[in-house]
Amino acid sequence: GEDVEQSLFLSVREGDSSVINCTYTDSSSTYLYWYKQEPGAGLQLLTYIFSNMDMKQDQRLTVLLNKKDKHLSLRIADTQTGDSAIYFCAESLGGGGNKLTFGTGTQLKVEL
Amino acid sequence: GAVVSQHPSWVICKSGTSVKIECRSLDFQATTMFWYRQFPKQSLMLMATSNEGSKATYEQGVEKDKFLINHASLTLSTLTVTSAHPEDSSFYICSARDPGRTDYEQYFGPGTRLTVT
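First to last, the sequence lines map onto chains A and B. Position 47 of the first sequence, counting from 1, maps to 47 under our numbering, and the rest follow consecutively. Count along the second sequence starting at 1, add 112, and that's the number in our numbering.
Isolated chain B (complex conformation) (with noise of 0.2 angstroms):
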């Protein structure tokens, strides 16, 4: 149980496109996901908090107009990055907090590649 699904696994993108990645929840409800990015050989960072039926809530400097995020229903959360460019390239991952399990733990997805030409 518990397990959280991307797609795209991976993309390559032009400049000046915008891109989603979807993240979804598969066995479970999940009030509330996260959106990660992690650059090559870094950790990973917290861009932002997304919550069910509102507005997500971004972590300083993170620009909100750039990376859209939706979180429509209970099993997905979609990050639109737009207007991409080439130091947008990273490894985005999503994680969700399942509120009917204990509460100590993500569950995280396997992560989408992007790659912007």
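In isolation and in its complexed conformation, chain A is listed as follows (with noise of 0.2 angstroms):
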């Protein structure tokens, strides 16, 4: 089955560094995505890697996937108190066109 866990809370001072991690347990996942969510708003998409990478940059932020691990973690650089929101990863079998199986979700804080 699918499972995919995320640690609660992650609280930052601004100017820092932000890591969220995430792990999945299906192995067939193709794409692997995370999503920022502010209060009371839909889903953004942040970015995406597809399985057979390994980490993938854009901008301020940096994805880095360990298949053996099943374990996907987000790097937000020069974190900014504009960055507070929840973020989800979420993982899909064949493409962000099927169903999308998502994590618990981080709650993300930045202090000045």
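I should point out that these hints are in silico values taken from the structure, not numbers from a laboratory. All figures in this text were calculated on a predicted structure; none of them were measured in a lab. The beta carbon of each residue, even a glycine, is placed where N, CA and C say it ideally should be. Incorrect hints may appear among the rest.
[What the hints assert, rightly or not] Far from chain A by the CB rule (all over 10 angstroms, computed), these chain B residues:
id	residue
1	T129
2	F146
3	L156
4	E164
5	S166
6	T192
7	G223
[As the list claims (entries may be wrong)] BS3-like mimics (lysine-lysine), calculated; alpha carbons at most 25 angstroms apart, straight line:
id	chain 1	residue 1	chain 2	residue 2
8	A	K67	B	K132
9	A	K68	A	K99
10	A	K99	B	K126
11	A	K99	B	K132
12	A	K68	A	K109
13	B	K132	B	K176
14	A	K99	B	K178
Two chains, two separate frames, one set of hints: put the complex together.
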């Protein structure tokens, strides 16, 4: 079955790096995603990684994938107060057009 | 491009009444839409997959007679919560897949907050 776990809460100081972790159980996952949700809003896709990749960098965001350990992480460099939100990892089999299984979500709080 | 809207953004209804939530793809045709439910401080749980012109596929544990889904056109899917009860109060989010774009992404609506009193 599919089960995606995240730590519930992360607090960092503005300007520091944030690392949000995610573990998943389904080794058949094809795409893995990071979404951002601000209060009362829908989801914004931040980045994604295909399962045959180890790392992907997109401006301040770095995604690392360890397939052996089924571990995904999102690093946000130079974290800003506007980054405060809930971050969800998600996995899908066969692409994002298919069913997504979301993680439990990590609340990121950025303090001045 | 690839904008998905939902209407209403929030709704309050009395217990026992029915509520319809609309999900529209504004600038693309969506053959497949997804409906998710999110309880406070929890993750999104997929309720059903809505395919244009055919019956929706419901996830295990989701009552199809209670949550009626209609995907009557390529730009509109509706979710009707029938005989709503306070435990149905939740944040309902839809997403849509654009078959004309890359396969990796779903586009999410802004969500509808339902409160049943």
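Right, here's what the structure says about each hint:
no., hint, verdict
1, T129, "23 angstroms, holds"
2, F146, "7 angstroms, violated"
3, L156, "5 angstroms, violated"
4, E164, "14 angstroms, holds"
5, S166, "16 angstroms, holds"
6, T192, "20 angstroms, holds"
7, G223, "5 angstroms, violated"
8, A/K67 to B/K132, "42 angstroms, violated"
9, A/K68 to A/K99, "23 angstroms, holds"
10, A/K99 to B/K126, "32 angstroms, violated"
11, A/K99 to B/K132, "23 angstroms, holds"
12, A/K68 to A/K109, "30 angstroms, violated"
13, B/K132 to B/K176, "14 angstroms, holds"
14, A/K99 to B/K178, "21 angstroms, holds"
Checked against the numbered hints listed earlier, the structure breaks hints 2, 3, 7, 8, 10 and 12; every other hint is satisfied.
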